[in-house]
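Participant: Given the sequences, and given the hints that come with them, work out the whole structure.
There are 2 protein chains.
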Amino acid sequence: MLYGRDSARVVSHAKAWGCLYGGEISAITEDDILTFLAVTDDHIQSISQQLSPNIPVVHLSGMTDISVLQQYSAGVCWPLQSMHEHHDIDYQMVPWFLEAKNDPMLARIEHVFRNISSSVHRISSEHRVLVHAAAVFANNFSNHLIGKAGQILDKLEISRSVLLPIIDLNVRSIHHHRAEEIQTGPARRGDILTIQKQLEALVEYPELAELYQQLSRSILKDYHA
Amino acid sequence: MLYGRDSARVVSHAKAWGCLYGGEISAITEDDILTFLAVTDDHIQSISQQLSPNIPVVHLSGMTDISVLQQYSAGVCWPLQSMHEHHDIDYQMVPWFLEAKNDPMLARIEHVFRNISSSVHRISSEHRVLVHAAAVFANNFSNHLIGKAGQILDKLEISRSVLLPIIDLNVRSIHHHRAEEIQTGPARRGDILTIQKQLEALVEYPELAELYQQLSRSILKDYHA
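Those sequence lines, one after another, are chains A and B.
Residues in the first sequence are numbered consecutively from 1, following our numbering.
Residues in the second sequence are numbered consecutively from 1, following our numbering.
Fair warning: there could be bad hints in the mix.
Identical copies look the same in the list; a pair holds intra-copy or inter-copy alike.
Said to hold, decoys possible - Here are the simulated BS3-like pairs of lysine-lysine, each with C-alpha atoms no more than 30 Å apart in a straight line:
#1 Lys15 / Lys221
#2 Lys197 / Lys221
#3 Lys197 / Lys101
#4 Lys101 / Lys15
#5 Lys155 / Lys101
#6 Lys15 / Lys155
#7 Lys101 / Lys221
#8 Lys155 / Lys197
Treat the hints as calculated values from the structure; they're not laboratory data.
Facilitator: Structure (structure tokens):
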């Protein structure tokens, strides 16, 4: 059973995973083979405490330790995917990171997710936080920088679409190469003159100039230290 | 004619643009309709000075002002594309930013590039530096962050490929949405507790922790100031 807030998103996840949806805590009983708690991180512990310790439960949070679940058979199933409404998710491709308090429980959740996804991994709570941080770098932060680039173009009245070919090509390339191998740009070349010119050009964007400086320094350190 | 260092890359560009390749300055004469100087930024000015002011020349640098060319008919043709050997470039998709000292020259280079690409734009030298900076944010910096994410996974002995679905999905989404609309993650949600936990988890990666803090601050400022 998938327990969570009654929303189209939660109900559609339940459907994709082939399980029932329940919107009331009282709906969760010891008869359920497995219950997913699809609730915000700060509600996981209190809901776990309201349930019998014999009910097998799983939470779905990347950031919450397995120890907050008081059940004997408890687990964590974390998808490395940002569940945004604008995203049309291919469940078969979503990597799942699984953890359980005991081997039978781990086998049970692995069985469920191997049916849903071709990318299923075991991980500890401690390492899960680091994988989550890696996803923040690769997805959230890079998207933020793409937005910042878009804001520069907006001001010049140039369509943001001019950035798409270079972004697309780079992403196609990281399917076959390490990002470090295909790194380009002024900092990668150690081209201090260009870095200075771009910083001067960004004088009207002090926040961007600061990010530019910090990220260039990080690249220079990796390739020219 | 395309003048430049004799390399497979330069020669293949000449072929793609439908022009002759020349490896010696003496090969460039007033009979050439248009000469592209495919040389490093710091050589453009000196080569221009060695040529007759009557020879129509163009440089290809994003960062070099048109004024360094001493020819009467001079121009700049800058591709918003990183010309990396690992990249398999679809020339039709590459956006070109063009500038010229006079209208006939601008018309001439526009004619050339409209045959090569479906994305041809006019731009001043001043604005070109800003578009270049935008590309550095959208491509170079985001690729660097993807590499950093990969380094976290390497240390956990988890394949970097687990990041590909989330990156692919995000890039597909920015074809239809502004990056700001699809921004996700702890900082976007204003989830300070998760930010703190991830910073603690990154204690062994002081440089990444610093970048994490700076980028999270930038996102928090945009969405929660």
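Participant: Next, verify each hint and record whether it holds.
Facilitator: Outcome of the hint check:
no., hint, in the structure
1, Lys15 / Lys221, "neither (48 Å within a copy, 37 Å between copies)"
2, Lys197 / Lys221, "both (20 Å within a copy, 26 Å between copies)"
3, Lys197 / Lys101, "between (56 Å within a copy, 22 Å between copies)"
4, Lys101 / Lys15, "within (26 Å within a copy, 62 Å between copies)"
5, Lys155 / Lys101, "between (53 Å within a copy, 24 Å between copies)"
6, Lys15 / Lys155, "neither (44 Å within a copy, 36 Å between copies)"
7, Lys101 / Lys221, "neither (42 Å within a copy, 39 Å between copies)"
8, Lys155 / Lys197, "within (19 Å within a copy, 36 Å between copies)"
Taken one by one, the earlier hints fail for this structure at numbers 1, 6, 7, listed in ascending order.
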